[in-house]
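A.B. asks: Use these hints to put chain Y onto chain Z, whose structure you have.
Residue numbers (numbering that gives the first Met the number 0), protein chains in the order written: chain Z, 0 to 222; chain Y, 0 to 263.
Rather than coming from a laboratory, the hints here were simulated on the basis of the structure.
Source: prediction; values computed, not measured.
Selected chain Y positions facing chain Z (Cβ under 10 Å, derived; list incomplete):
no., residue
1, 9
2, 148
3, 150
4, 153
5, 154
6, 159
7, 191
Cβ atoms here follow ideal geometry from the backbone N, Cα and C, with glycine treated the same way.
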Amino acid sequence: MTETNLYLTMKGTTEGIIVYLDDQCSFEQLLEELHKQLESDAIHQRTSIKVHTQNRLLDTQQQDEIRHLLNDQHSIGIKSFESNVISKEEAKSWYDHITLKPRVKTIRSGQELHENGDIFIIGDVNPGATVTASGSVFVLGQLRGIVHAGFPDGANEVVAASYMNPSQIRIADQLSRAPDYEVEGSQREFAFINQETGQIELDDLHNLQKIRPNLTDISERGL
Amino acid sequence: MGESIVITSGKGGVGKTTTTANIGTALALQDKKVCLIDTDIGLRNLDVILGLENRIIFDIVDVIEGQCKLQAALVKDKRFDCLHLLPAAQSSDKNEVTPEGIQSLVEQLKPDYDYILIDCPAGIEQGYKNAVAGADKAVVVTTPEKSSVRDADRIIGLLEQENLESTHLVINRIRKHMMDNGDMLAVDDIVSTLSIDLLGVIMDDEDVIRASHHGNPVAFQPDTKASIGYRNIARRILGESVPLMSFDEDKGFLFKMKKLLGMK
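Next up, chain Z with everything else stripped away, as it sits in the complex:
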């Protein structure tokens, strides 16, 4: 079902109704049109819709205005705002989140390294050191300290190291620590959250491509 008005296009899809807003007219015209359409009952009340603004970028205030109109006056929920464009700021932070940050450095006791995106440490992470990344952490050296990958909510991120003997590994909101007895550590391993158990597990590095085939695929890291 497609219904076209002057500035509004409504499409029924399997995901529900998507309302496309024209991107050439002024925002006031849009609001007016939207208001008119709602008055004429084109959309049933108490449904949830997606709002797609095409090539128009709405700031939070404008989003609030639309939300106010739909939600408060007509009790129509908004699942999400979508758009073909993003602001420079968003683009920068997205770029920051998806780029790999190489660091040639041994992270020593008491030192902390925080980065957005993936970190590639060419050096060791010593006991007492902390590394935090919003993406994955790769250590080309000995990992003996604390690493937190996927901070705060990237449950698909991993921690990989050439030598793995960490005191703690944290991924998203999961935590796993070394046992109280002394362990030898192991070569070429990675840590990930097993989706079935929800717990952090270690596996041989060879299996990384099986378990996380899309690890480096940036389109997986949604906008």
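C.D. replies: Same frame as chain Z, but now just chain Y:
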């Protein structure tokens, strides 16, 4: 123009002061002009280990405050003419000492000495910052214990921000049999964790304690394992290439005979 070396560790009680006294002594034995500076204000020890406690008249705080001239505060060693000590203050307010103060002191001393060794207090607070401010190079002392290696790692991280020419490692108080049993960290493991160059290893030796007790640094004795370790360190500082000493115990006459006869 001399060079200044800070001797530090982070953790207390690993042997910074003993190491300072002995490297200083070993360098003096090689006819180098050496000045030792004790920056552990309020807990001075270096003078005791050198046996120079009774000769102190002025101290480092007096010099920095301008109460006396730098030359007047230097204590000459009782064994060498070329070894001098600038003692720490025992009672004065330690806030008088600043990184700039130590820096200018060291710069004043450099033309007259080959080596200036700065004994750093434990910890990573003001005292540490003061001691490091005047240094060209650093020597980090650690023992083969986890806690002390952890603190050494912390210190090395801090030293990396200081623009020093080099940072070297001394592993002190090695007990051969405990290392062999795996009850202590092995030398290789420590070096691999800290990833800095090893300057030398010192065996744990009762003679060190005995020598400090009598105010005569162990480096004077020509034949103990510890003194050989210190002398080797001094030679390496002077640029010689000296192989690392073997940890093996001297097994006595019978063992040597058996070895000679091919029975071992």
